[in-house]
Every structure is written in C-alpha cells, then in structure tokens.
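Enquirer: Residue strings, one per chain:
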Amino acid sequence: AQTVTQSQPEMSVQEAETVTLSCTYDTSESDYYLFWYKQPPSRQMILVIRQEAYKQQNATENRFSVNFQKAAKSFSLKISDSQLGDAAMYFCARLYGQNFVFGPGTRLSVLP
Amino acid sequence: GAVVSQHPSWVICKSGTSVKIECRSLDFQATTMFWYRQFPKQSLMLMATSNEGSKATYEQGVEKDKFLINHASLTLSTLTVTSAHPEDSSFYICSALGYREGTEAFFGQGTRLTVV
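If you read the sequences in order, they're chains A and B. So the first sequence is residues 106 to 217, counted in this note's numbering. So the second sequence is residues 508 to 623, counted in this note's numbering.
One or more of the hints may lead you astray.
Said to hold, decoys possible - A few chain B residues that don't get close to chain A, going by computed Cβ distances all over 12 Å:
1. 520
2. 535
3. 558
4. 581
Said to hold, decoys possible - The calculated lysine-lysine pairs, modelled on DSSO-like cross-linking and capped at a C-alpha distance of 27 Å, are:
5. B/548 with B/562
6. B/562 with B/527
7. B/548 with A/178
8. B/527 with B/573
9. B/571 with B/548
10. A/183 with B/548
What the hints assert, rightly or not - Facing chain B, according to a computed beta carbon distance under 7 Å, are these residues of chain A, among others:
11. 138
12. 148
13. 205
14. 207
15. 210
In short, the hints are calculated from the structure, not lab data. Glycine is no exception: its CB is placed at the ideal position from the N, C-alpha and C atoms.
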C-alpha cells in the first residue's frame, strides 16, 4: 500500500519562532504531487503548499517552505515566524493520478 | 476561482432513513472527485473516488450499497447514506481535482451527519 507517514502527532511552537513538520511517503512512481494542507477548527481544508516531484527546487509560499528530498521520500514543512493563526491540523498528502493519500496529521499549537 | 461547495453543512436524520450530500464544483469541471470520512481528531479516510459518467471506485471496507456515490455531471457528485445508523454519524468531506497554478484538490466545507 502506498502510505504517507507523519511521525509527529503533536507539535508546539512559540509565536514568531520556526517549526518543522515531518512527512515521509512511499511511492514507486517518479512523477507525482505532494501537498501540505491545513485544517483549522472550522474543518475547511486549506492548501498550504504544493510540490511537483519533477521539480528539484523546493517550493516556498511566503512563511511556508518545504524541504523535498526525493530520494529519501521526505517532504517536510517549515513554518517561519509562526503566528497564532497557524494553529491547526496539518496533513501531508501525495497525489499520483487518481490516487490521493493523506498522512495521519500533525496538530500544531502556537504558544503566545 | 476553483471553489467546491458541499451541501448541507450539517444534517440530522433518523435511523433507517437516507440522506444525500451534494458536492459541486462551482467554476471548474471536475472529472475526478473524492469522498472522505473524518472521525474526531483523525485524518481523512478515503471512502471512494468518483469519475464523471462511470461507477465510483470504493476503498476496501466501504460498503458500496450503503454509501451510494453518483457523479453524473462534471460539476456534481453526490453521496447518499442509505438506511443510516448512529454509527454512520461522522464528518464527510468531498474534494475535486482541479488546476490553479498547478494540480490541486479543492475541498468542500464538509458535512456533519448525525443519525439519531
């Protein structure tokens, strides 16, 4: 089975500090998409950042950036200058064709 | 752009009745839609993948006769929970594959189903 693993069920970070959420995945494909989605208490899923596997350059989106290590099948999310509004569940996901798999999630708390 | 609307946002039904949840892509055509179930404090569990005009592909362990999925048009997929029981109470989320600066899954707001 193709799986996505997030080894940190919960994380906390001080406001304005930096935090990194881990994600590893399993795939036999060479071209696929990786995502980080945020789910706040409203439960609306929000795309944080996307990475195409064929692109070597790590994606960045304002305070959010990824460290994509294709050979290691690792896709970590770094949140810089953490804000209170960043508190949420974060899900790592992998998409290949119509196969869309989510990790178990990491609950991020931001401490004032 | 790329909005997915899910309706209703919450519903309460009696045991034994059926309830239909709609998932609409408002401004794009969604060939592929996904239906998920999410238990409290857990991840999204994929129930089925639906493609417009064809039968849905259900994940192992998901009863296709209980969770009927129809994707009759490029903008609408429906999930019908038939003969609902209290154990079907959950949060159901749909998403549609689309493109906005890259391939992306766009999510509906979710439906909180309570069976009493």
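Enquirer: Each hint should be assessed against the structure and marked as holding or not.
Expert: Do the hints match the structure? See the list:
no., hint, result
1, 520, "20 Å, holds"
2, 535, "15 Å, holds"
3, 558, "8 Å, violated"
4, 581, "15 Å, holds"
5, B/548 with B/562, "31 Å, violated"
6, B/562 with B/527, "17 Å, holds"
7, B/548 with A/178, "26 Å, holds"
8, B/527 with B/573, "12 Å, holds"
9, B/571 with B/548, "25 Å, holds"
10, A/183 with B/548, "22 Å, holds"
11, 138, "6 Å, holds"
12, 148, "5 Å, holds"
13, 205, "6 Å, holds"
14, 207, "5 Å, holds"
15, 210, "5 Å, holds"
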